[in-house]
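Quick mapping for you: the protein sequence lines, in order, are chains A and B. First residue of the first sequence? That's 1 in the UniProt record's numbering, and the numbers climb one at a time after it. First residue of the second sequence? That's 1 in the UniProt record's numbering, and the numbers climb one at a time after it.
Mixed in with the good hints there might be a few duds.
Said to hold, decoys possible - Calculated pairs, SDA-like style, for lysine to any residue (alpha carbon to alpha carbon, straight line, at most 20 Å):
| # | chain 1 | residue 1 | chain 2 | residue 2 |
| --- | --- | --- | --- | --- |
| 1 | A | K473 | B | K449 |
| 2 | A | K518 | B | K493 |
| 3 | B | K466 | A | V523 |
| 4 | A | K528 | B | S475 |
| 5 | A | K518 | B | V69 |
| 6 | B | K524 | A | E453 |
| 7 | B | K493 | A | L503 |
| 8 | B | K493 | A | V286 |
| 9 | B | K291 | A | A310 |
| 10 | B | K362 | B | L465 |
| 11 | B | K493 | B | L401 |
| 12 | B | K493 | A | E293 |
| 13 | A | K518 | B | K362 |
| 14 | B | K493 | A | R504 |
| 15 | B | K524 | A | L503 |
| 16 | B | K449 | B | L59 |
| 17 | A | K528 | B | P412 |
| 18 | B | K493 | A | P477 |
| 19 | A | K528 | B | Q525 |
| 20 | B | K493 | A | K473 |
| 21 | B | K524 | A | R504 |
| 22 | A | K528 | B | E521 |
| 23 | A | K518 | B | Q525 |
Quick caveat, the hints were computed from the structure, so don't treat them as lab data.
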Amino acid sequence: MEFSELIRTGRAQAELLRGPEAPPLRGTLCVTSHHLLLSPGTEASPDLWLLLLRSVDSIEKRVAGDSGTITLRCKDLRVLQLDIEGVEATLDIARSIEALSSLESVITSFPFFYRPKGLRLGDAWHFHPPERYYQRVARETNAWRLSEVNEDFSLCPSYPRALIVPHSVDDQALARSAGFRQGGRFPVLSYHHARNGTALLRSSQPLTGPQKRRCAEDEELLRAVLVGARPGARGFIIDTRSAQAAKQARMTGGGTEAKAAYPGWKRLHRPLERGRPLQESFVRLVEACGDLEQSMDRWLSRLEGCRWLAHVKEALSTACLAAQGMEREGACILVHGAEGTDSTLLVTSLAQLILDPLSRTMDGFQELVEREWIQAGHPFQLRCAHSAFSHARPKHEAPTFLLFLDCVWQLGRQFPLSLEFGEGLLLALFEHAYASPFGSFLCNSEKERGLCEVRTRTHSLWSGLNQPKEQRKLRNPLYALNPLAIWPSVEPQSLRLWQGLFLRWTRPPEPSETAWEKVWQIVTDSEKTEGSA
Amino acid sequence: MEHIRTTKVEQVKLLDRFSTNNKSLTGTLYLTATHLLFIDSHQKETWILHHHIASVEKLALTTSGCPLVIQCKNFRIVHFIVPRERDCHDIYNSLLQLSKQAKYEDLYAFSYNPKQNDSERLQGWQLIDLAEEYKRMGVPNSNWQLSDANREYKICETYPRELYVPRIASKPIIVGSSKFRSKGRFPVLSYYHQDKEAAICRCSQPLSGFSARCLEDEHLLQAISKANPVNRYMYVMDTRPKLNAMANRAAGKGYENEDNYSNIRFQFVGIENIHVMRSSLQKLLEVNGTKGLSVNDFYSGLESSGWLRHIKAVMDAAIFLAKAIMVENASVLVHCSDGWDRTSQVCSLGSLLLDSYYRTVKGFMVLIEKDWIAFGHKFSERCGHLDGDPKEVSPVFTQFLECVWHLTEQFPQAFEFNEAFLLQIHEHIHSCQFGNFLGNCQKEREELKLKEKTYSLWPFLLDDLKKYLNPIYNSQSQRFTVLEPSTVSFNFKFWRNMYHQFDRTLHPRQSVFNIIMNMNEQNKQLEKDIKELESKIKQCKNKQTDDILTKELLHSIHPESPTLKSSLCFKEQTLLPVNDALRTIEGSNPTDNRYSDYAEEFSKAEPAVVSLEYGVARMTC
């Protein structure tokens, strides 16, 4: 195996510092193919300290005298310091970690080796496919059908095999529409709003190009959506780029829907930040959160300067706009940006969370993430290759999924009783999206996952999370089903910095954690007393 | 009332403060002797106490009527549109008169009548007994004694009659020291830490100028440090910025010279003065009152207002104080200029960190009575109760409450009371409904005969205690004996529930607090039921009746619980358990929020298809 070549030194004596709150650990440090281990001497606790090498975002080494220090900055924003005896050992370990943490091959990654007790391979992998969602839609309406036109991923490499499309549009027309959309992402159903029969769709930009090309099948597809909803229904296309950016995209073959070509549809532009600027915003926020000494003025100006909360506000208000269009105006909504794999998914998934009580349950939310992010082809491997600390030049990294989680957290804060899951699940999803022993977030699309045999050779995150022992961490004890839509306030005074994530490792967690323990206790007491009464 | 010319105006519109599409409610405006009342078409009532009104503004006439903007001291802002200018003018003039009284006797407290008899009223006033409080701290004792020097307010008019001083400080020393201190406010005991035998003392600045000294004052400080058997040195904390303190020297005031006082460690902590605080809050309110505020403008406004910087400074000072006592076992003397603003903040907050008693409902009342009311924080001037000098108004006490709120956020289980309690106290420092906060010092309060003519706030708060309890309070935990808050900048947040307490749309739509509170109560009730049932079962068995009866009994109680629970979850929930219609949450509504304004585009008519574009597109397709 290639791993052994990368490991320069097997072990060394070291002391691990884990921030101001946790006591230091001393023991034997050991690099294996996927982990960094610290086994404490006999006198200390018998627990092995373990770090997945994949979760190391940046590594910094310093030597002085006959010892060295390695600072590991992790993708979950933790900062660890290792004091190691011996200069050679320090350098060797640093090089080994560097090499092993940046391996790009998917099939040699840890999920392919992870075999936890109590879980069976293949469990939960067939838990949330689009077929399952289609069953629900089919109960609500017959305007939609499940198409297997993408069975071999030839139409669209980033879509799953099965897609929900208007009933009256045949596979041939879909193929033509796919040819007219970037990356083949033709408009598909994202969410059917049963209450008034409207639909939320997503796609990528149309390839109108400078000549303003048109595609009859694509137009027909959108017309069929309106007809299927109800006679005279209107539609809105929410383009997540500015009008100018959309126009400019024509120069490179992209573009946006011409008004005249799509009668009944009206276009709205709601520019959302994406790509490099979003990644930079994340990096700057994390930088600011790492500085414990800064003055109040400096902190506030950095919080403003990084613009993260502005992005949260924009994402939430665009999702609210889409949701409102459906709920209040009875309109159908199509969301797309350029590729349709980032801000598009952000808007469609948040809009569902606002409108659909089922997606706010534990199962429903996992299904939403699986369906609207993983299967919908958000390129996790590219976007989450590095987190906020990496010195590597960012290529395709962008914290779009984190932005989604942050928005969900804001919803949870404003409607603390309406989400069945708690902050714990959101934190877990953040961690696993960037580095995980499970296979769920591997690769960029279903096609790639098929090629790598992810479903058969790794465990699903959902089967890991849904074990009974994890539940208390992930659930919201106060949940009560809320059948209404949840409309958040998007005023800056109502949005908060997600301290539980960005300051997770710098603030003392105990008081709030014990407070939650107490809440759990009250809730279980109340269940107990009710049961026995 | 001679000031009221119009008592009722119909067809008045109440505008939503944060709506950009001028959403409004139409209703009737009534003017009473004490309140302004607006009843909208849904019969929802909005009461505004005249004393809460900070400013009334009449804006330029518009097509729909004459706008009247009322800003309140509890951060409510209402924007009416009165159809006729004449009515608007009448109301405007009446409110100007009614909101600014010239005499104490015209304040609401003197006419407020909650239907209690004299003995009940007196009992209310006796609820908080400061002599009892000093006893609880462990004074008098071998080192500290009650001094009768100020029994007739002869030495210091703004201090209370009862003062505790070191046992070895004789009366001449006290008198001498008081002459060397601004307004005669000589060093006295504020809090005594029984375990550490260390004390928090407070005073005003010394009249030291550039070189003056006073032997008696030096003796008194020495006596204070000697009263601490463990540690010989003491801290003197000047809570002002050094520059301000130095400037005071030119006016014959200043700060202690370390060379003249043996065993003192002098320390500036840099809290700004009342004028800086007043304008800081003003800036903050300007920023957060902006319509269509962007995230970036909000944070840059928050930064430039400096408000959180000031809150942090007060908190840092209190932490310094608590550490000196806990870590170094040293006594601390705190002063600022006059010793009634920053000194009150730092002493009370320091005591709150040190002593968990002050984190209970009763203890918090005691703390306010002791360090704020008794020691002469000038509530009437700082809150502008009467028509006085606007330069004396300053949110010093509000800052104290905000610091306490920040502590409750960092230590959610350490306080017996909740946020609603803090907000309610804030409401009443301005309401002038109760006598506690009227006047500027104890002497003045006695002259006003407040205990005979007005009621005390505290028993009324205790009557509603349920609303103010923190359901996850943990009084047992030893870890909370001394609080050690972190003052890293990002622990300070904008207190939305204070500064936007009436802006319903900005708040969370569901309250965790209420549900936990109710569950807790339900648990207690059900546990009681179980006990009752068990005893009934026992009785039944004794009577040898068959078990059908017990089943019936069980049945008779059980059905209640599920309905109780489901009723908690949905329906209407109040964010803060205060009886105010505006704070009620009715589900939530997208039109409450600003993104709804984007949606105006939804309702616009579809523009006609541009045929030319259509044609061009056709050709190129």
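Evaluated hints:
no.	hint	result
1	A:K473 - B:K449	violated (58 Å)
2	A:K518 - B:K493	violated (24 Å)
3	B:K466 - A:V523	holds (19 Å)
4	A:K528 - B:S475	violated (23 Å)
5	A:K518 - B:V69	violated (45 Å)
6	B:K524 - A:E453	violated (55 Å)
7	B:K493 - A:L503	holds (14 Å)
8	B:K493 - A:V286	holds (18 Å)
9	B:K291 - A:A310	holds (16 Å)
10	B:K362 - B:L465	holds (10 Å)
11	B:K493 - B:L401	holds (14 Å)
12	B:K493 - A:E293	holds (17 Å)
13	A:K518 - B:K362	violated (23 Å)
14	B:K493 - A:R504	holds (16 Å)
15	B:K524 - A:L503	violated (37 Å)
16	B:K449 - B:L59	violated (41 Å)
17	A:K528 - B:P412	violated (25 Å)
18	B:K493 - A:P477	violated (26 Å)
19	A:K528 - B:Q525	holds (13 Å)
20	B:K493 - A:K473	violated (26 Å)
21	B:K524 - A:R504	violated (35 Å)
22	A:K528 - B:E521	holds (14 Å)
23	A:K518 - B:Q525	holds (19 Å)
Violated hints for the displayed structure, listed by number in ascending order: 1, 2, 4, 5, 6, 13, 15, 16, 17, 18, 20, 21.
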